[in-house]
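Peer 1: Going down the list, the sequences are from chains C and X.
Every letter in the first sequence is one number past the one before it in this note's numbering, and letter 27, counting from 1, is 27.
Every letter in the second sequence is one number past the one before it in this note's numbering, and letter 74, counting from 1, is 1074.
These are computed hints drawn from the structure, not numbers from a lab.
Just so you know, these numbers come straight off a predicted model, no measurement behind them.
Note that beta-carbon positions come from the ideal geometry of N, C-alpha and C, so glycine has one too.
Just so you know, not all the hints are guaranteed correct.
[What the hints assert, rightly or not] Derived coverage of chain C by chain X (criterion: at least 3 residues anywhere in the stretch with Cβ under 8 angstroms from a Cβ of chain X; other residues may be distant):
hint, region
1, 16 to 22
2, 35 to 44
3, 57 to 65
4, 174 to 186
5, 225 to 231
6, 249 to 261
7, 274 to 287
[What the hints assert, rightly or not] Pairwise CB distance ranges (calculated):
hint, chain 1, residue 1, chain 2, residue 2, range
8, C, Q264, X, E1144, 47 to 53 angstroms
9, C, R56, X, D1247, 26 to 32 angstroms
10, C, D43, X, T1262, 18 to 24 angstroms
11, X, A1126, C, A240, 36 to 42 angstroms
12, C, D247, X, G1266, 47 to 53 angstroms
13, C, A73, X, A1052, 58 to 64 angstroms
14, C, R268, X, E1269, 54 to 60 angstroms
15, C, A259, X, L1148, 55 to 61 angstroms
16, C, D43, X, E1144, 15 to 21 angstroms
17, C, A244, X, A1045, 40 to 46 angstroms
18, X, A1052, C, E275, 36 to 42 angstroms
19, C, T84, X, R1248, 42 to 48 angstroms
20, C, A259, X, D1048, 28 to 34 angstroms
Number of protein chains: 2
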Amino acid sequence: MTAFPVPTMPAPPVSVVGLGQLGGSLAAALAAAGRPVTGWDVDAAARDAAAARGVRIAQDLDGVVVLAVPLPAMTTALDGLTVTPDATITDLGSVKGPVLRALGERWGTRVVGGHPMCGTERSGHAAVDPALFTGARWAVCLEEDTELARWLRVAEVALAVGAEVVPVTAAEHDDAVAAISHVPHLLAAALAEAAADAGPLALGLAAGSFASGTRVIASDPAFVTAMVEANAGPTAAALARVLAHLDRPWPALVAGGHAVATRQTGRREVRVPLERAALLSVGRAGGAITRRLAAFVEGWMPEVV
Amino acid sequence: MTAFPVPTMPAPPVSVVGLGQLGGSLAAALAAAGRPVTGWDVDAAARDAAAARGVRIAQDLDGVVVLAVPLPAMTTALDGLTVTPDATITDLGSVKGPVLRALGERWGTRVVGGHPMCGTERSGHAAVDPALFTGARWAVCLEEDTELARWLRVAEVALAVGAEVVPVTAAEHDDAVAAISHVPHLLAAALAEAAADAGPLALGLAAGSFASGTRVIASDPAFVTAMVEANAGPTAAALARVLAHLDRPWPALVAGGHAVATRQTGRREVRVPLERAALLSVGRAGGAITRRLAAFVEGWMPEVV
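The following block holds chain C by itself, in its conformation from the complex:
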């Protein structure tokens, strides 16, 4: 691997709109790495917190413009801000299809959707952590009309803060996150409510399995509701699959769930040509593009696991 040339793709500036947990962490991580990063937030306290971490606070955005705002604010977040004509627009939203359709109406193929699979039940600039993305998977959308050069710019930002990039289509992403994120939020809510129905004794005895099973529903309910409603179709389908499993005999259900939860996953390095179908096949196989960007200049992704 050391035979590959040093990266020659210049790292573009990054502008982050929304400096809460995700956006603030991204801006802070880039600033800590010495990258030029501009940030903006409607909340002065979030702006001040980001400025203290070395983020330039301004309303003129350039390079890779990252929308790190709640889903309902996605289409209006750039109102009143200046965006350079060649900037690439990406976002960190938890649902991709509806967001890309809405942003595409205004920004066309300058939009590349993204979704880092991290963050906690906490939110806001007080929850900023520059290490938040280290080792996380970050879905970056490769639609039929996505410009590969713009996709690479967004992928590079994700890799720069320690994430691994999963090439996906928006539709595939939305089906997948319904199963592994949106449905877990609904299950957590139903588990919490049913335990409350069972009464104070049940809540008084609640321990580890209840705490784990309900953790994510401590998230901001407005955020969770916007997420599941924006991805209603895939979430309903994924929930139906869960319900079907709950209808099976318990010994088989327990054995099958245990096998999935304790599966051994290995990592192997493969080479993939830098073109859409091959990149998407990496994501579909459960893999990701890792940090060695050197091969981009060769037309190859050297490390895919």
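With chain C's structure known, arrange chain X on it following the hints.
Peer 2: Leaving out everything else, chain X in the frame of chain C:
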């Protein structure tokens, strides 16, 4: 509180049968506190590990005899062992009704059921942790025919290792743990299996909400299956309540679940007379008996929260 007399109830010896995660942790915690503790396990490696922590390994059991074995082994765990005639028998099983009925046939009112609400998805003597019970709730059964003196002996053991004692009936316990422990195991299994159905991309994007939602199903599947099948009725009822919540509109479900998961719980100290109905009312209110045993000699529980 300092006006209460120093405890005068002599601490009885404790004998632990089964030296895996729960039994081994209990024996180790008692030994570390300088209490005489005897242990036994059919597995020589578990015996050796306990002996290394100061536990006397022997087959003659005395005082409070704790059955810390899997549910299917509960009625045979004492076969071939010697139990003194006045010993009190308790257990750490995750289901109480069936266990108490089975043990009662042989041991009558010498049995007091118990269930510490701790332990992790790990098991066996390698998972022993003397601090496992610190701050945990420990249900101790007060049936109509329970001898209060024996109940106190079992409660004292729980308090001695840092737990808080929740007085319950077996039936109340089984309904409560169905809601906060047994159903979470089934939900975790169904969530894991449904994510596997969604494919490698979904598992490749899985992050915090999936990890939390499926953690408990990493537990030994034989243990989980025995638990849910031994508590089938209450578990099915609790699962039905979860399913009913999942059928509600998502915004209401999310808001309600969030309210339960983030509820603020305070602690207040109350005094409760040392009699069954009053003690049970503490558990039903979500409270527990805490460590200051001094008041036992006064006929009062000074600290109940």
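Peer 1: CB of C:R56 to CB of X:D1247, is that within 26 to 32 angstroms?
Peer 2: violated (49 angstroms)
Peer 1: Please test the hint of 15 to 21 angstroms on the beta carbon pair from C:D43 and X:E1144.
Peer 2: This hint is violated: roughly 60 angstroms between Cβ atoms.
Peer 1: Using a Cβ cutoff of 8 angstroms, are there at least 3 residues of the region 249 to 261 of chain C near chain X, or does the coverage claim fail?
Peer 2: holds (count 10)
Peer 1: Could you tell me whether the CB distance from C:R268 to X:E1269 stays inside 54 to 60 angstroms?
Peer 2: Given a distance of about 59 angstroms, which is inside 54 to 60 angstroms, the answer is holds.
Peer 1: Quick check: does the Cβ-Cβ distance between C:A259 and X:L1148 fall within 55 to 61 angstroms?
Peer 2: violated (46 angstroms)
Peer 1: If I claimed the Cβ atoms of C:T84 and X:R1248 lie 42 to 48 angstroms apart, would that claim hold in this structure?
Peer 2: For X:R1248 against C:T84, whose Cβ atoms are near 47 angstroms apart, the range 42 to 48 angstroms holds.
Peer 1: Counting residues of the region 274 to 287 of chain C whose CB is closer than 8 angstroms to a CB in chain X, do you get three or more?
Peer 2: holds (count 5)
Peer 1: Is it true that C:A244 and X:A1045 lie within 40 to 46 angstroms of each other by Cβ?
Peer 2: Between C:A244 and X:A1045, where Cβ atoms are some 41 angstroms apart, the hint holds.
Peer 1: Could one say that the CB atoms of C:A73 and X:A1052 fall in the range 58 to 64 angstroms?
Peer 2: Given a distance of about 59 angstroms, which is inside 58 to 64 angstroms, the answer is holds.
Peer 1: Could you say whether the range 36 to 42 angstroms given as a hint is met by the Cβ separation of X:A1126 and C:A240?
Peer 2: At roughly 40 angstroms between Cβ atoms, C:A240 and X:A1126 fall inside 36 to 42 angstroms, so the hint holds.
Peer 1: Are there three or more residues in the region 35 to 44 of chain C whose C-beta lies within less than 8 angstroms of some C-beta in chain X?
Peer 2: violated (count 0)
Peer 1: Has the hinted range 18 to 24 angstroms been met by the Cβ atoms of C:D43 and X:T1262?
Peer 2: Because 22 angstroms falls inside the window, the suggested range holds.
Violated hints, in rising order: 1, 2, 3, 9, 12, 15, 16, 18; the structure is consistent with all others.
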